[in-house]
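Guided by the hints, dock chain X onto chain P, whose structure is given.
Protein chains in written order, with numbering that gives the first Met the number 0: chain P, 0 to 141; chain X, 0 to 153.
No lab work stands behind these hints, which were simulated from the structure alone.
Treat the hints with care, as some may be off.
Covered by chain P, per the in silico footprint, the following chain X stretches (three or more residues, Cβ under 8 angstroms) [said to hold, decoys possible]:
| id | region |
| --- | --- |
| 1 | 16–26 |
| 2 | 54–68 |
| 3 | 83–90 |
| 4 | 116–125 |
| 5 | 130–143 |
Think of the CB as a built atom: it goes at the ideal place given N, C-alpha and C, for glycine as much as any other residue.
Below, each chain spelled out in residue letters.
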Amino acid sequence: MMPVDWIWGLVGGLMIGGAAALYLLVNGRIMGASGILGGLVDGTGRSSMVERLAFLFGAMAVPPLLVPFYTLVDTRITSNPAIIIAAGLLVGIGTRLANGCTSGHGVCGISRLAPRGLGSTALYLLGGAVTVYIFRHILGAI
Amino acid sequence: MAAKPFFGHAEPREIIAFVAGGLFGSGLLVSGMIDTKKVQGWLDFFGAWDPTLAFVLGGAVVPMFFVWRLAEARKVSLLGTPIPPRPAPKFDPAFIIGSLMFGAGWGLAGLCPGPALASFAIGGWGGALFFLAMVSGMVVAPTVAGWLSSRTTS
Numbered sequence: 000m001m002p003v004d005w006i007w008g009l010v011g012g013l014m015i016g017g018a019a020a021l022y023l024l025v026n027g028r029i030m031g032a033s034g035i036l037g038g039l040v041d042g043t044g045r046s047s048m049v050e051r052l053a054f055l056f057g058a059m060a061v062p063p064l065l066v067p068f069y070t071l072v073d074t075r076i077t078s079n080p081a082i083i084i085a086a087g088l089l090v091g092i093g094t095r096l097a098n099g100c101t102s103g104h105g106v107c108g109i110s111r112l113a114p115r116g117l118g119s120t121a122l123y124l125l126g127g128a129v130t131v132y133i134f135r136h137i138l139g140a141i
Numbered sequence: 000m001a002a003k004p005f006f007g008h009a010e011p012r013e014i015i016a017f018v019a020g021g022l023f024g025s026g027l028l029v030s031g032m033i034d035t036k037k038v039q040g041w042l043d044f045f046g047a048w049d050p051t052l053a054f055v056l057g058g059a060v061v062p063m064f065f066v067w068r069l070a071e072a073r074k075v076s077l078l079g080t081p082i083p084p085r086p087a088p089k090f091d092p093a094f095i096i097g098s099l100m101f102g103a104g105w106g107l108a109g110l111c112p113g114p115a116l117a118s119f120a121i122g123g124w125g126g127a128l129f130f131l132a133m134v135s136g137m138v139v140a141p142t143v144a145g146w147l148s149s150r151t152t153s
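Chain P on its own, in the form it takes in the complex (with noise of 0.2 angstroms):
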C-alpha cells in the first residue's frame, strides 16, 4: 500500500460518483450493481431490461479497454474452488436479501444518508471483518 495507491482510489471514486449521478440525474436510477443484475436474474426488473443489460454490457466491456494503460491486470484471487464458490453464493443471496451491496447501500445510500444503507454498510463490513480475520488471522486460509 503507497500514497499513490490513495490517489488512484479518490480518482476512481469520483470516475464511481460520476457514473452514479449520471445514472440517477438522468435516468432516474439508483446505480446498485446487485439490484441491476438481480432484477434480470430473477425477473422482478423485466420493464427495465434493455437499460439494465446495457448498464451491465459497459460495466464489463469497458474496463477491459483499460488494461494497456493499467498495471494492475490481475485480480489475485484465491485459487481455491471451494473458496470462491462459496463465497459467490453468499455475496448472490445476501445482496439479494439485503436489497444492495457496495454501490448501492454504499454510495447511494450513505450519501442519501438513507438509514437502511448505512446500517447494510456497517453490518457487511462487521461480516467482512469478522470473516477476513476468522479465514486469514486463525485458519490462514486466505
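Relative to the frame of chain P, chain X by itself:
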C-alpha cells in the same frame, strides 16, 4: 425485445446506462477495487490494514451527497423518471442476515458484485467461477427469503 438492434436504435436511456456502466467499471478498475487482496486488506482491521477503500468511498460519496440534494429537489430525472422515494428505515431479519452474509462473502474472496462485473473479462477462471456462483445465489435468493420470512413471522 430480442429483435431490437442494440446499437441501431438505442434509446437515450440505454446509451446513458451503457456510459454509466462503463464509467462505473472503469472507476472500479482504476481505484484498485478489482484487486481482491487490496479489498481483503481493507477488511483486515487486525492485520496490515489498507485504507485505500476509504478514499474510493469518499471520492464517490461526497459528490453524490450534493447530487442527491439536486435530484430530490427536482423530483424527476432529465428523462422524466421519478426519483426513487426514500425507503422506509426497515431492518427485518432478511436485511440483517443478508447484509452479514454479503460481508462474509466479500471478505472470503475479496469481490463484490460491481468488481465481479468489471473484472469478468480479465479475472480468469476464478473470476468466472465467482460470477457463476454469485448469479446462482441470486437465483435461489427469493426461495431463501421466503423460507426466512416463514420462520420469522409466526
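Structure-inconsistent hints, enumerated in ascending order: none
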